[in-house]
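Below, each chain spelled out in residue letters.
Protein chains: 4
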Amino acid sequence: MNRRDLLNAPVRHMELKPNMTVNQLIQQFDNAGSFGAGRLATACNIFENMVRDEKCTVFLALAGAVVPAGLRSIIADLIRKRLIDALVSTGANMIHDLIEAQGGHHYKGHWFVDDFFLYKYHINRIYDIFVPEEDFVKADKVLIEMFDEIAKEKQGRILSTNELMRLIGSRLKDPKSIVRAACEANVPIFLPAMRDSEFAYVHIVHAERGKKEKALLVDSFKEAAEMVAVAQKSERLGMIVIGGGVPRNAVQHAALMADKGLDYALIITTDRPEYGGLSGSTPEETISWGKLKKEAGRVMVIGDAMIIFPLTVAAVLERLGEDFQRKGNP
Amino acid sequence: MNRRDLLNAPVRHMELKPNMTVNQLIQQFDNAGSFGAGRLATACNIFENMVRDEKCTVFLALAGAVVPAGLRSIIADLIRKRLIDALVSTGANMIHDLIEAQGGHHYKGHWFVDDFFLYKYHINRIYDIFVPEEDFVKADKVLIEMFDEIAKEKQGRILSTNELMRLIGSRLKDPKSIVRAACEANVPIFLPAMRDSEFAYVHIVHAERGKKEKALLVDSFKEAAEMVAVAQKSERLGMIVIGGGVPRNAVQHAALMADKGLDYALIITTDRPEYGGLSGSTPEETISWGKLKKEAGRVMVIGDAMIIFPLTVAAVLERLGEDFQRKGNP
Amino acid sequence: MNRRDLLNAPVRHMELKPNMTVNQLIQQFDNAGSFGAGRLATACNIFENMVRDEKCTVFLALAGAVVPAGLRSIIADLIRKRLIDALVSTGANMIHDLIEAQGGHHYKGHWFVDDFFLYKYHINRIYDIFVPEEDFVKADKVLIEMFDEIAKEKQGRILSTNELMRLIGSRLKDPKSIVRAACEANVPIFLPAMRDSEFAYVHIVHAERGKKEKALLVDSFKEAAEMVAVAQKSERLGMIVIGGGVPRNAVQHAALMADKGLDYALIITTDRPEYGGLSGSTPEETISWGKLKKEAGRVMVIGDAMIIFPLTVAAVLERLGEDFQRKGNP
Amino acid sequence: MNRRDLLNAPVRHMELKPNMTVNQLIQQFDNAGSFGAGRLATACNIFENMVRDEKCTVFLALAGAVVPAGLRSIIADLIRKRLIDALVSTGANMIHDLIEAQGGHHYKGHWFVDDFFLYKYHINRIYDIFVPEEDFVKADKVLIEMFDEIAKEKQGRILSTNELMRLIGSRLKDPKSIVRAACEANVPIFLPAMRDSEFAYVHIVHAERGKKEKALLVDSFKEAAEMVAVAQKSERLGMIVIGGGVPRNAVQHAALMADKGLDYALIITTDRPEYGGLSGSTPEETISWGKLKKEAGRVMVIGDAMIIFPLTVAAVLERLGEDFQRKGNP
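Read top to bottom, the protein sequences are chains A, B, C and D.
Each position in the first sequence, counted from 1, maps to that position plus 199 in this note's numbering.
Each position in the second sequence, counted from 1, maps to that position plus 199 in this note's numbering.
Each position in the third sequence, counted from 1, maps to that position plus 199 in this note's numbering.
Each position in the fourth sequence, counted from 1, maps to that position plus 199 in this note's numbering.
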């Protein structure tokens with residue numbers, strides 16, 4: 200590379216004006232092209248390319264308490280528009296969707312409080328969100344009954360997390376629910392650590408009050424095979440990561456086991472690579488494993504997903520236009 | 200509180216001298232008592248109290264690539280001395296233990312490399328560690344055979360992750376293996392996201408080459424009930440967290456489901472609370488949920504576990520003395 | 200506080216639609232009100248209140264390479280509209296403004312490069328920005344001449360950094376320059392660590408080629424007294440911080456020395472409080488010093504200023520409307 | 200490079216034993232060689248090489264509240280042993296040294312407090328340290344008198360920050376003071392942002408109560424020229440950075456202006472490169488500017504300096520032996 204090639208794209212300073220749209224702002228970020236602004240602009244481009252690619256199966260990997268914090272509708276909408284073809288999540292995020300589906304709420308609270316005071320008041324804190332105990336209890340009750348019912352219906356059948364989520368989704372009435380939207384849009388929900396959430400409590404109560412040997416049986420590994428099958432059927436693979444952790448790893452692993460690498464990767468995280476954990480690992484590191492293709496569109500945006508993800512989605516919705524509806528894959 | 204009470208403990212400046220022991224350095228950190236140094240000194244005190252408490256069941260929750268990076272022997276030793284009573288881990292950390300148990304290695308590499316070059320060379324990168332593909336393959340081969348053998352032996356029995364890990368541990372010859380040490384010391388290993396690791400690949404190959412219906416069946420929820428049972432049988436509960444994620448959450452959840460709160464919590468992480476994720480949540484937040492007792496000894500040390508954890512262990516080993524051997528719980 | 204008061208503001212999930220304006224998106228962040236989204240919504244409210252407050256003198260404290268990275272026009276515009284009444288900056292940011300004022304540029308580059316290769320090519324790297332050596336040289340040349348000229352003009356007078364910046368600003372032709380805009384709008388520029396930048400090189404060459412005793416003399420402490428005087432003349436004080444460091448500290452210190460606390464504080468940073476540094480310290484900590492009033496509107500947004508600051512400004516410009524022009528203070 | 204070269208240094212897992220010395224622990228970190236442990240081991244090697252290099256002038260660049268937090272004695276000792284040849288600091292760290300030199304203290308406090316309560320009690324908070332207002336007042340009083348005295352003595356002479364610090368150091372009685380130790384050991388103290396600290400308040404009172412034109416005059420740029428002169432006289436240059444900010448930049452700039460690059464760089468920080476600020480910039484980035492030599496020993500340890508710096512110093516003191524005394528440079 201010669202020197203001139205290194206110096207051919209001057210930073211164009213951002214210009215702001217009143218009433219600019221989100222995508223117009225992102226264009227200004229693209230003009231500057233530096234630090235986080237440059238990464239975010241690239242993220243929007245990758246997300247746009249991913250969903251405009253008719254042959255790409257888009258996975259959303261979800262960790263962190265983003266559903267309680269306010270991303271529930273955005274995710275449900277993405278599923279309905281099929282901008283997302285598969286959801287891979289922590290169990291907790293789905294539990295919080297189900298809490299709202301049963302009429303529960305999450306409340307704006309504060310991080311600077313006496314937590315023992317909250318404990319006595321039966322209020323659970325997630326940073327600056329408060330969740331009243333009774334809303335958990337309400338959701339538990341409904342879920343335990345659903346588990347009983349499903350166990351009876353499917354007697355002896357061994358389920359994957361995805362199959363179980365679909366059976367739950369089909370029983371939900373709340374039109375805003377992610378789990379219901381996924382069921383209706385035929386979007387699978389994989390929960391690679393399902394048992395690490397209130398679902399475990401629900402299962403324990405369900406198993407104890409019925410006959411243990413008739414309890415719902417969820418096979419740890421079944422969903423892994425299902426995810427690989429999805430990847431195998433797909434021509435191209437895209438991944439959007441919020442947070443990282445088990446959901447990100449599960450998607451990357453499915454791509455590898457299907458003998459394919461991901462073609463697009465958009466990672467939003469606050470973790471950094473230097474400590475060696477998966478959540479902070481760069482897309483480049485992922486290439487060494489064969490989980491991401493060398494030529495893949497890829498970017499890691501470092502920042503709070505509650506800001507970065509809605510920004511990205513809003514900009515891309517603007518680019519796609521009002522009536523855009525994706526067909527979905529695979 | 201009156202003013203004098205707020206001003207009664209002056210920072211005593213650290214004094215260093217050649218040949219000081221690790222614990223002598225930690226005492227200097229205690230003298231200063233500020234920022235990270237104060238937290239680390241507190242961490243050593245809490246870890247010491249936890250293991251000197253004969254009635255406390257100590258959980259080690261393990262996330263991040265700390266086994267490949269060099270903590271394998273330390274963890275195996277802690278298990279043998281029963282300073283740890285239960286291990287809750289990502290699947291990957293156990294896979295990396297098993298890779299070394301089959302003669303494989305992890306190599307000191309570098310983060311500033313061309314990852315596609317590594318890919319062509321079949322070298323997988325974990326930040327600045329290189330893992331050759333063939334060491335995965337070697338471990339896979341042995342594990343697939345073990346899965347076949349165990350499936351045959353246990354035909355039709357539904358296993359928990361812990362039961363499976365014990366069956367694997369009993370087949371290992373490497374005296375340095377964590378999985379083998381746990382088996383011998385009767386320390387359970389829970390893998391709440393087992394399928395999110397090379398174990399999934401192993402299971403898929405095992406299931407495909409045998410008859411699918413005879414494949415090993417690992418119940419997602421069974422280990423959750425086992426963890427709750429451990430917690431219920433314990434008088435007191437302690438938790439040491441490296442990283443956070445699913446393993447931390449699983450321990451906290453078990454404490455809650457057993458209707459107990461944790462009595463001790465030592466958390467080493469690089470994550471921060473402001474983004475709302477579990478890994479960065481403060482011990483105080485955990486109190487609001489009833490997962491940690493109000494009066495629990497607790498601290499969160501922010502830093503690289505590869506530095507902080509060995510420091511803490513070395514200081515506590517020094518305090519406990521050469522011949523300390525714990526009985527173990529519950 | 201009773202329980203009901205803690206649970207009176209449910210998180211309202213964000214709703215996105217194509218073509219929404221930046222401020223409409225911020226309203227959605229306000230609806231959710233959690234984690235970073237809640238903080239950013241608060242930041243916009245505080246910024247709006249600050250500039251709508253006719254009696255408030257607004258300081259912008261600037262650290263980090265935000266001028267090279269693309270915020271130059273935004274800052275110059277804020278000065279022209281007098282949404283900012285005083286600029287407190289690292290020397291480097293002003294140097295980079297002056298580089299562009301002399302026709303130099305900053306270029307979009309990449310962080311993953313061989314830095315010795317860049318060195319040989321005389322390209323300086325700021326993360327993913329490239330700055331060619333010759334653009335420094337060009338600016339140096341002009342600045343050295345200005346220093347010579349000013350020294351002659353002011354012979355023997357002792358200058359503050361602010362006086363010097365104004366004398367430079369009055370000599371600039373580039374209408375986009377921050378330094379020129381500040382001069383024209385009568386907005387002072389304070390550089391509490393001016394000598395820690397290319398200005399030091401400029402001064403050394405200037406002093407060596409002339410007679411040393413006739414070199415420009417900038418008094419370290421003079422600008423401190425000037426900043427205190429500004430604070431004393433102001434009815435209310437507001438502070439917007441990008442990054443932190445010396446500029447933030449200098450503003451806070453001026454507020455204290457003027458026996459006033461700040462009335463508004465909006466801090467954008469990626470630093471965290473636990474390590475004890477000033478840049479990461481919370482607005483609350485600032486209250487203990489009397490530098491921030493107890494009742495002050497305050498928020499700390501954790502994130503990349505290249506994203507957060509333009510977002511905030513764009514939302515507030517929308518709220519203020521096309522023709523808003525502030526009178527300015529004190 | 201062939202594949203074998205990439206796989207020639209297996210991670211050797213750390214082995215801990217009771218009573219191991221700090222340097223023995225660091226050796227274990229070196230054996231593992233990964234993530235933060237590897238970096239810290241490298242840091243010790245670089246620090247050792249730097250001080251064993253008889254021709255190397257070692258700069259310590261100091262930002263963040265490490266003197267109040269407990270590093271005062273360590274830094275004073277390093278100066279006395281001449282492991283450090285020049286100190287470049289924020290003004291605040293020197294103020295806190297002077298507070299203790301006048302009998303004041305810093306107190307172990309807590310970060311989770313009501314800051315307005317502290318304010319009413321005249322207690323200033325630095326994360327979890329409390330500093331009583333009266334200890335500032337006591338130090339101010341002495342410093343104002345020193346300023347008066349020095350101004351009289353030096354009438355009309357223009358001082359650099361370093362000259363002023365030496366004049367203060369020669370007046371101190373506390374044998375533990377950094378400023379006094381530096382004066383005695385003939386180690387310069389440069390304060391590139393001196394005015395951004397309590398020194399500004401001291402100067403303002405001093406100037407107002409005397410005749411303004413007779414006030415002490417500190418030239419902003421004079422110390423820059425002095426630092427360049429030190430660098431020019433030195434055969435080799437080393438830099439140890441705690442935190443970053445203006446002190447790090449000032450050292451790097453001096454190396455550049457002396458037409459030399461640094462030969463050694465050990466950086467301890469919690470900042471990261473992605474946001475483009477100087478404090479988080481990698482040593483590699485520094486090479487592009489010519490501020491660090493291509494072949495320089497260099498490392499960036501990410502972590503709390505209150506832990507990392509004492510660890511490094513203790514290990515190196517052990518390597519150097521009890522009686523090691525360096526001659527000092529330049």
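Simulated from the structure, these hints should not be mistaken for lab results.
A couple of the hints might just be wrong.
If chains are identical, the list can't say which one is meant, so a pair holds when it fits in one copy or spans any two.
Said to hold, decoys possible - SDA-like cross-link-like pairs, simulated, lysine to any residue; straight-line CA separation at most 20 Å: (1) K319 to K459; (2) K375 to D458; (3) K372 to R203; (4) K353 to E412; (5) K410 to I357.
For clarity, every value in this text was computed on a predicted model and none was experimentally measured.
How the hints compare with the structure:
1. K319 to K459: between (51 Å within a copy, 15 Å between copies)
2. K375 to D458: For K375 and D458, the Cα distance exceeds 20 Å both inside one copy (36 Å) and across copies (33 Å).
3. K372 to R203: neither (61 Å within a copy, 27 Å between copies)
4. K353 to E412: Both. Shortest intra-copy (13 Å) and inter-copy (17 Å) distances satisfy the 20 Å Cα cut-off.
5. K410 to I357: Both, since 16 Å and 16 Å are each at most 20 Å.
This entry does not satisfy hints 2, 3, going by the numbered hints stated previously.
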